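Chains as they are written, first to last, in my numbering: chain A, 1 to 215; chain B, 1 to 80.
If you are wondering where the hints come from, they were derived from the structure by calculation, not from laboratory data. If you're wondering where the values come from, they're calculated on a predicted model, not measured in any experiment. Just so you know, even glycine gets a beta-carbon here, dropped at the ideal spot from N, CA and C. Accuracy of the hints is not assured; some may be wrong.
[To be verified] Label-pair restraints from in silico Cβ distances:
no.	chain 1	residue 1	chain 2	residue 2	range
1	A	Asn142	B	Leu15	37 to 43 Å
2	B	Gln14	A	Leu47	41 to 47 Å
3	B	Ala49	A	Thr70	18 to 24 Å
4	A	Gly34	B	Ala22	50 to 56 Å
[What the hints assert, rightly or not] In the DSBU-like style, the derived pairs of lysine-lysine whose C-alpha atoms are separated by at most 30 Å in a straight line are:
no.	chain 1	residue 1	chain 2	residue 2
5	A	Lys48	B	Lys75
6	B	Lys40	A	Lys77
7	A	Lys92	A	Lys137
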Amino acid sequence: MQNGLIITLPQCDDATEYLTYYSKLVTKEAEEKGIKIKEIHDDELNLKDFIKIINKLDYNFVVFNGHGTTSSILGHKSNVILKVGVNEELMKDRIIYARSCNAAVSLGVECTKNSNGAFIGYIFPFVFYMNEQWSAKPLNDNIAKLFLEPSNQIPISLIKGNSAKESDINSKKHILKNINKILRTPSEPDTPFIVEGLWNNYLGQVVRGNGSVKI
Amino acid sequence: MSGEKQGVSEKIKQLVIARIKAQMPPNLKLSMGFENSLTKEEMIEHVKAGDEQGAQIVNMHINFIKALTSGKLMKEVNSV
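Please construct the entire structure, taking both the sequences and the accompanying hints into account.
Spelled out as structure tokens, the structure:
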């Protein structure tokens, strides 16, 4: 297996647009570290192409952005690209971060069976609030940033050489710091919603498989 | 589900709806894993309907209230 990053970047609705924009900060970090990167965009985000890419490149680190269920992750629109009982064995011995709802429940478990790899994901929906006024410039949306920077911390910590478990812990600390920051500033009407959402992600984020593995 | 549990569930839904109506700014939208993120009005509709998205919004609220009232939230926040 080669040292490299495969990252899915769907842009089929406002939520995936945001995830893809924030992923630029992850790929920038990988570039700076000289890690090979394969970005997968909408036209390749289907099951057939995804399998082909994984088999051809055989990179050890995979980041998924996109909608998910307990047993699958989607690519472009409703295209399933990873599913229990279909192709989860392709994830064997890799490190995976899935910024997708609920995928750690079953998919994360199956991807790390008989594997030395790890799967970091969520057992709840991954949520974030966005400020509609900034939807055209997601990186300027200070509300979304409170959610998406801590989640970016997972792949960025891995790229910096931390283990899966250490990266999970770093990300969770970032969530708690953001909650603290929000609670210490004068209360705004959106404060309880933001704290509630951040707490949801904090509770739902888990590591499956080998927590000590590094890329 | 017992009548008592149904009553509690309905009360929680009403509480969540009242909170969203009263406090959520109209420029906020919630992304929670479905195709499009939800406006304030859409969140209220889903909670009212008691569908999957509505249930997730209610669960998120319950988990938060539990953490707040038990002291777990502040304990964790103060640990960093």
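Can you list which hints this structure breaks, lowest number first? 1, 5, 7
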